[in-house]
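Student: Given next are the chains, with one letter for each unit.
There are 2 protein chains.
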Amino acid sequence: MALEDPSWKIFFEENPMPIGFHENVNLIKEFCQQAAMKKNRVALVTSGGTTVPLEQNTVRFIDNFSAGTRGSSSAEYFLEAGYQVIFLHRSKSLEPYFRHLVGKNIFEMIEVSPDNVAVGKKHQLELGKLAEKYQRHRCDLLMISFSTLSDYLWLLQATAQQMQILGPLALLYLAAAVSDFYIPASQMPCHKIQSSGGPLSLSLQLVPKMLAPLVTLWAPNAFIVSFKLETNETLLETKSNEALLKYHHHVVIGNLLNSRKVHVVLVDSNSPNAEEIRLSSSDLENGIEIEFKIVENLKIRHDQYYADHKTG
Amino acid sequence: MALEDPSWKIFFEENPMPIGFHENVNLIKEFCQQAAMKKNRVALVTSGGTTVPLEQNTVRFIDNFSAGTRGSSSAEYFLEAGYQVIFLHRSKSLEPYFRHLVGKNIFEMIEVSPDNVAVGKKHQLELGKLAEKYQRHRCDLLMISFSTLSDYLWLLQATAQQMQILGPLALLYLAAAVSDFYIPASQMPCHKIQSSGGPLSLSLQLVPKMLAPLVTLWAPNAFIVSFKLETNETLLETKSNEALLKYHHHVVIGNLLNSRKVHVVLVDSNSPNAEEIRLSSSDLENGIEIEFKIVENLKIRHDQYYADHKTG
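Top line first, the protein sequences correspond to chains H and G.
Under our numbering, the letters of the first sequence match residues 24 to 335, in that order.
Under our numbering, the letters of the second sequence match residues 24 to 335, in that order.
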């Protein structure tokens with residue numbers, strides 16, 4: 024059993040907690056306590072990629088390809104499905120509601136006249152709709168950000184632990200693209216690597232698999248959904264099944280880099296067959312996002328899980 | 024002389040041009056031709072970090088720490104100093120004018136009522152000022168974006184070549200944080216590296232120094248300013264001087280990772296002593312940015328260069 028491997032403990036001993044950690048944990052604690060009192064469901068949505076610094080005075084780092092599309096859109100749909108959401112995201116990655124402004128030019132939407140600054144007529148509908156949605160949900164949304172792998176893992180552990188108070192009302196939706204490899208702090212050079220030294224060899228260690236302690240120790244009662252991103256279709260279902268068998272959590276969502284916006288595979292520990300979600304061409308025409316369907320599907324599974332696990 | 028080293032040519036042979044390259048080159052060409060007709064100065068401002076993919080179907084990449092603060096603020100000051108600006112920037116890094124909205128919550132600035140969507144009274148002044156500045160300068164600003172090291176180098180070469188028509192009216196301000204190391208396409212694995220393979224060893228090659236062909240072949244008449252970022256103060260001035268001696272361009276701006284927003288050193292090929300620019304505490308209180316002073320200083324040097332090099 025993966026828990027006997029102590030490497031996850033060593034990771035936390037060797038990598039210091041992030042700046043502002045206690046303040047963040049207090050925010051999370053209060054958010055969970057209030058939700059628990061109201062018997063509200065809470066989804067932890069992790070989103071974006073983690074960085075792995077190559078130098079202690081960091082100039083260079085390894086990053087994972089992730090804009091945060093999956094996480095930020097899913098967070099919106101969880102909010103709309105009645106969940107409160109802790110959005111644990113990579114700093115400057117996409118955020119719920121704000122993501123719709125990316126690529127839009129806000130200064131072209133604003134009309135400046137000598138006595139007034141106004142939203143241009145043709146942008147009022149779109150901007151108003153988004154602002155209204157955001158304003159309606161903002162009290163149910165707690166935004167917490169990270170940059171490095173180590174920051175992320177510290178915050179993940181703490182959030183999962185704070186969510187214990189919610190029992191089976193808690194759902195963990197682990198959409199962040201977490202690095203598999205890192206350079207331990209003790210092996211990092213202090214200063215920027217000089218290019219005059221010629222070609223560069225980097226030796227990266229495996230990141231301990233945190234799903235093992237997460238499922239068993241940090242969030243033993245929560246409904247846990249993880250993602251498996253591959254680029255090779257032949258490995259997808261096998262890898263997703265393997266992850267579920269290894270960590271004993273609830274759902275693995277498998278997706279391919281090139282088709283992840285239109286096709287995913289859900290593997291559930293409670294059912295023998297994988298379920299596919301695929302956007303049809305009419306879905307695409309109507310602007311339906313696959314995360315809407317994923318969240319809708321997960322909510323039903325979470326309902327069942329809650330019915331099976333609630334006490335009293 | 025560095026030009027005899029053919030490695031920069033080999034780089035372009037081995038790394039294909041980016042998607043949309045010709046469209047971008049056409050935009051740049053037209054922008055430069057129109058500026059040349061009006062005898063306007065044009066600054067090429069490069070900004071943000073370059074990525075180095077570790078896999079061909081890219082999931083992981085090495086990145087350079089850079090939000091694009093230096094480049095995006097400098098671009099504003101060049102515009103205000105009367106330059107037209109080509110802003111060659113990392114996709115999603117900070118942009119002139121828009122950078123001021125980062126960390127601001129646009130949905131909190133908007134007031135939604137049943138019959139109107141408006142800018143809140145207390146945000147009108149700030150938003151109006153920015154929108155007005157942007158709208159005044161937008162025709163003098165050409166935005167071109169890149170992600171990878173290879174995309175950046177292709178676009179840098181092409182832009183420099185198109186700027187030749189401007190002769191000494193052209194200024195190149197190379198503030199992008201360009202990777203020193205990369206993995207040649209031929210040595211990249213096709214699919215995502217599997218973590219089941221154990222620890223990962225990466226072997227990175229040196230990126231050819233493009234300043235050599237840039238100064239000599241691509242932009243022989245432009246006024247060229249490069250940056251040198253270090254984390255070790257004792258290396259700063261030596262490294263800046265070395266760069267100037269090696270490439271024979273005009274100014275190197277040396278800066279340290281930790282003090283780069285308040286202190287830089289300018290080394291000029293025409294003067295024996297380095298010049299320091301340092302923000303005073305009253306500058307900081309008044310919201311003066313160091314890029315304002317850098318651009319002011321460079322404009323004087325460019326004036327002199329132009330006077331010495333213009334023909335006819």
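These are calculated hints, taken from the structure and not from any lab test.
The model shown is predicted, which means the values in this text are computed figures rather than measured ones.
Among the hints, erroneous ones may be present.
Which copy is meant is left open, so a pair is good if it fits within one copy or across any two.
Stated by the list, open to error - Listed below are the simulated BS3-like cross-link pairs for lysine-lysine, each with C-alpha atoms no more than 30 Å apart in a straight line: (1) K152 x K262; (2) K127 x K156; (3) K52 x K156; (4) K52 x K32; (5) K127 x K52; (6) K127 x K269; (7) K262 x K144; (8) K284 x K322; (9) K269 x K145; (10) K316 x K61; (11) K144 x K333; (12) K52 x K333; (13) K333 x K115; (14) K152 x K232; (15) K316 x K32; (16) K262 x K316; (17) K32 x K127; (18) K61 x K262.
Student: Taking each numbered hint in turn, which are not upheld by the structure, reported in ascending numerical order?
Tutor: 1, 6, 7, 9, 11, 13, 14, 15, 17, 18
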